Amino acid sequence: MLNKLTLVETIKKIKAKEFSHKELYLAIEKQIQESNKTFNIYLSLDKQALQKAGKLLDTPLAGIPIAVKDNFLTKELPTTAASSVLKGFMSPYESTVTKKLMQSGGVVIGKTNMDAWAHGSSTETSDFGRTLNPRNIKYLPGGSSGGSSAAIAANMCTAAVGSETAGSIRQPASWCGVVGLKPTYGRVSRFGVVSMASSTDSPGPIGKTVEDVSILFEQIAGHDDLDATTPKKEVPQVTKTIRQGVKGMRIGICYTDHPDLIDKKVTKQILEAGKLFEKYGAQVTIVPVTEKLEKGKILKHDFSIGVYTVVQRSEVSSNLARYDGIRYGQNREYFGVEAKRRIMLGTFTLSKGYADKYYIKAQQVRNLYLQNFEQLFEGYDLLISPTTPSYAEPLGASIGNPMFGELEDMLLEPTSISGLPGISVPCYKDEQTNLYLGMNIVASWWQEEKMIQAAHLYESETPWNSWRIYV
Amino acid sequence: MQSKTQVTSDIVSHIATLSNIPITDKETVNLAKEFTKVLEVVDHLALVDTSSVDPVGQVTGLESVMRSDEVQKERMFSQEEALRNARRTHNGYFMVDQVLDK
Amino acid sequence: MNEYTTIVGMEIHVELATSSKMFCGCINDPFGATKPNIYTCPTCLGMPGALPVPNAKAIEWTIKLGLALGCEIQPYSKFDRKHYFYPDLAKGYQISQYDLPFCKKGIVKTLLGDVRIQRVHLEEDTGKLQHAIIDGKKVTLVDFNRCGVPLVEIVTEPDIHSGEHAKLFLKKLHQLIRYLGISSADMEKGSMRLEPNISVRKSNVKKLPTYKVEVKNINSFNFVKKAIDFETNRHIDLLQHGQTPVQETRGYAEATSSTISQRSKEEAQDYRYFPDPDIPTIRLTKSYVEEIRNTLQELPDAKVSRFVKEYNLNEQEAIQIVEEKTSADYFESCVSLAQGTKETAIIAPTHIARRIINQQEKTELSPKQLIEELISKQRQKQIDPNLVRQAIQTVLRVQTKAIGDYKKGKTTVLMFLVGMVKQELKGKGDASFIETELKKRLG
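Protein chains in written order, with the numbering used here: chain V, 1 to 471; chain R, 472 to 573; chain B, 574 to 1016.
Isolated chain V, as found in the complex (with noise of 0.2 Å):
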């Protein structure tokens, strides 16, 4: 079935004419309309997608259906972030994204499902329900950008966008067996993306392969005049240098001494993964993990669970002041429990007689995790670790639990406050479940390359890849 193809196999038959849009646009409907009201992936969709796609055969992106977290401002379809708040909201303009999705050819054919606000990470805090597992519906797809994750899972479009703070495309890319690629902080503009925590908010692209996410990636990368945190830095040809491998590279492996928080069986993989690539080339080592700034070492990822849950709660607390009904959506009654919740958190870690214990603090332990990173990089080219913990985990899960998005993305909080690029991998599938582990690769900032580059290498050189007779 078309909607089945990969991003790079879509455009190339397409363009091939082996096949219209028509046809594939019937494939990804009929799919829609075979499993959304099951698995909730898609919160709007435009009906004129076809008609769009079909003048779109000689750009970039071909026409390709795209699916876009509900956090994207987008004039055609409503923007809710999945809170009631904003619920039947029409953007008066266009986030910068899906501009240039637009203006390269990709077509926005629904807005996914997400934790309302992106505050969490298992789309079970939706204010319009929860998203079910594509790969199975007992369990959580992750999130925040966990519609979109689900989107590729179920062939549901032929790419995705979603956005993460600390975990929020890379663990609902590792639950549902995708790829999830976050770039570095102020590659992607943030402009018309709801603001969650301004300091580490990235957009960036989910998909079916490491190939499909970087065209995706070079698409919507670059300094944008009206984001002031975009560098004007060239944007890497990540698609022209994806083949060349590891030889040479210096790998670290993180985080596998961690026996109460991780599943044996992540670690065993991701130990597996250091000798592949070892086998291509790289030098692996494993790096210690120490609790006080030390050369070579990596500095504990306990701590950081703290730094994110105070920083992203504060600027979490400023930024959703704005909704007060007054321009647009429904007054602040409307927030739901977890909003409420972080906005008020936030509100007491900046407040009088609080915020240097908690605010000012965290960010100085912020600062401890980027020097840490800084002299990790001058030894090593690409740090890797498992994605998440575990396996997804089952429906529920979230409910009364407000540490539960912290805990989940405990590994990925060190690298997000810090700016680091980083992608996600399938790196295991249990047969029983239909459940998958992730591997998360990690380079230095602005060298999104060179973790491309290993991550299609283990993707061509390990089964996990759901699609890969395709690559």
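FYI, nobody ran anything at the bench for these hints, they're computed from the structure.
Please note: incorrect hints may appear among the correct ones.
[To be verified] Footprint (simulated), chain V over chain R, 3 or more residues, beta carbon under 8 Å:
| hint | region |
| --- | --- |
| 1 | 476-487 |
| 2 | 521-531 |
[Claimed, not checked] What the simulated footprint calls covered on chain B by chain V, stretch by stretch (three residues with Cβ under 8 Å from a Cβ of chain V suffice, anywhere in the stretch; the number is not a length):
| hint | region |
| --- | --- |
| 3 | 616-629 |
| 4 | 651-663 |
[As the list claims (entries may be wrong)] Quick list of in silico lysine-lysine cross-link-like pairs, DSSO-like style, CA-CA up to 30 Å:
| hint | chain 1 | residue 1 | chain 2 | residue 2 |
| --- | --- | --- | --- | --- |
| 5 | B | Lys785 | B | Lys682 |
| 6 | B | Lys859 | V | Lys233 |
| 7 | R | Lys504 | V | Lys340 |
| 8 | B | Lys677 | V | Lys357 |
| 9 | B | Lys1012 | B | Lys974 |
| 10 | B | Lys651 | V | Lys352 |
| 11 | B | Lys711 | B | Lys745 |
| 12 | R | Lys544 | B | Lys799 |
| 13 | V | Lys233 | R | Lys544 |
| 14 | B | Lys950 | V | Lys352 |
| 15 | V | Lys55 | V | Lys100 |
| 16 | V | Lys4 | V | Lys30 |
| 17 | V | Lys352 | B | Lys682 |
| 18 | R | Lys544 | B | Lys651 |
| 19 | R | Lys544 | B | Lys655 |
| 20 | B | Lys678 | B | Lys876 |
| 21 | V | Lys429 | V | Lys37 |
| 22 | R | Lys497 | V | Lys87 |
| 23 | V | Lys292 | V | Lys357 |
| 24 | V | Lys232 | B | Lys785 |
| 25 | B | Lys677 | V | Lys352 |
| 26 | B | Lys859 | R | Lys573 |
| 27 | R | Lys573 | V | Lys340 |
| 28 | V | Lys99 | V | Lys4 |
| 29 | V | Lys247 | V | Lys279 |
None of these values were measured; they are calculated from a predicted model.
C-beta: ideal position from N, C-alpha, C; glycine also.
Add chains R and B to chain V, keeping to what the hints say.
Relative to the frame of chain V, chains R and B by itself:
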């Protein structure tokens, strides 16, 4: 030595006012418990020695990013676009129940 | 009165006259907007996902003002978010500056004493509210045309010690701002707003009082004086009765030249300032600041000194001429023009200055026209009008053909006749006066 923060209902009420979030008495009590729990994780940070490190809020290393003083008409909204999503408007204005002067 | 000392600090807000707003490219002209909410965009309307990018000119002009006030310029600065909820604040926070304002520690000298400037910082303006009754309901209408306009905030130390002193200070500051050309600083248009903080203490006590009263709704420098005078008396009265004035905000009532208590603020606001993560920090290098300093043209005080020295004006005349930059520039254009004519000796700078000062309305004459007028008047004075008339008579007796031509309609002949009269007078006399007299004679 940093002490653990006990979040009381009074603190929660005060925060709710500061955040402009309406909450019920029941929610106040629950939130006080939840906050205390969350802050236990955060209090962990007190163990880290940060005496010789500055707080950092931005990770790009960028400085002095500015734009030139030019009008960008193409980005401006028409009055209709500006008001389009508001629940209450009147003759081109946004409208709210009367507020007290600042 | 000397038993008590008035202590006033002022907070002044000035809208910068940049073309675009502080953090977005919207038109910056809230006063000139013909309709509400026509100068907005995602950023200043506080839309989801919108981001701020600072206006370079607004920053430059803030530094310029700081330099003109003799301030220290921070080498490193940032914008902070100031949080509170109010309908005119689109984002629920105002982008302002907290602990690292662009400029600190300046000074304004007045005849009644120096006023130290504590800080000068840059922030964005809020929207505008209007109360109304619609369909019987009390509502507030909000217009965001002004939201996001660059606003400079100037805070003084509590160095002002009377209403008159405040007035002098404000006039000086106002003049400086207009000299720099960075704002219309027009209180009626709202591009300059001010709030005094007033308290009173016994003169022999050194410590600052424990209270201060903020007065809002003051629309002119005169009203500032009145408000301060009123408050001074009110405070003294209370203190004499053993009471301490309440720390509060009061509104100025124009009709009665008094102040009225407004709803007192319950607790000190907690603005939860933190550095805005959307805006990278700003490094103000020495070369950048020097570049701006080089664009600083001569300021009023220096100009007054120079005019006294260079043009021999007395200080009063100089102060009046220098009051507005436009009049000072006009004066100097006239002087340099006069220097280019033969009549330099006649049209001295003091002469020009007096002419400009005595003008009731703003002169419409170009410098050239003004000089010509002055020369003309001088020439008139050079010779007795009767002698001129005699000369005219003499000429007309001879130039009968010319008279004939003139009466036929050849008006150009008039200039010929003027020339003849001047010849008769050996060059003296004023051409336009002669012309007028000729016309009278010729009918």
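For each hint, the structure was consulted:
1. 476-487: holds (count 6)
2. 521-531: holds (count 9)
3. 616-629: Since 10 is at least three, the answer is holds.
4. 651-663: n = 5 at 8 Å, threshold three: holds.
5. Lys785/B - Lys682/B: Between Lys785/B and Lys682/B the Cα gap is close to 24 Å, so the pair holds against 30 Å.
6. Lys859/B - Lys233/V: Status holds; Cα separation ~26 Å.
7. Lys504/R - Lys340/V: Within the cut-off at roughly 14 Å; holds.
8. Lys677/B - Lys357/V: holds (28 Å)
9. Lys1012/B - Lys974/B: holds (16 Å)
10. Lys651/B - Lys352/V: The hint holds at about 20 Å.
11. Lys711/B - Lys745/B: violated (42 Å)
12. Lys544/R - Lys799/B: violated (44 Å)
13. Lys233/V - Lys544/R: holds (27 Å)
14. Lys950/B - Lys352/V: violated (72 Å)
15. Lys55/V - Lys100/V: holds (17 Å)
16. Lys4/V - Lys30/V: holds (12 Å)
17. Lys352/V - Lys682/B: Violated, because 37 Å separates the two Cα atoms, which is more than 30 Å.
18. Lys544/R - Lys651/B: Satisfied, since the Cα-Cα distance of roughly 28 Å is no more than 30 Å.
19. Lys544/R - Lys655/B: It holds: about 28 Å lies between the C-alpha atoms, which stays within 30 Å.
20. Lys678/B - Lys876/B: Status holds; Cα separation ~23 Å.
21. Lys429/V - Lys37/V: With Cα atoms ~26 Å apart, Lys429/V and Lys37/V stay inside 30 Å; holds.
22. Lys497/R - Lys87/V: holds (27 Å)
23. Lys292/V - Lys357/V: holds (20 Å)
24. Lys232/V - Lys785/B: Judged against 30 Å, a Cα distance of about 49 Å means the pair is violated.
25. Lys677/B - Lys352/V: holds (25 Å)
26. Lys859/B - Lys573/R: violated (39 Å)
27. Lys573/R - Lys340/V: Holds. Lys573/R to Lys340/V sits at ~26 Å (cutoff 30 Å).
28. Lys99/V - Lys4/V: At roughly 26 Å apart (the allowed maximum being 30 Å), Lys4/V and Lys99/V satisfy the hint.
29. Lys247/V - Lys279/V: holds (9 Å)
When held up to the earlier numbered hints, the structure conflicts with 11, 12, 14, 17, 24, 26 and fits the remainder.
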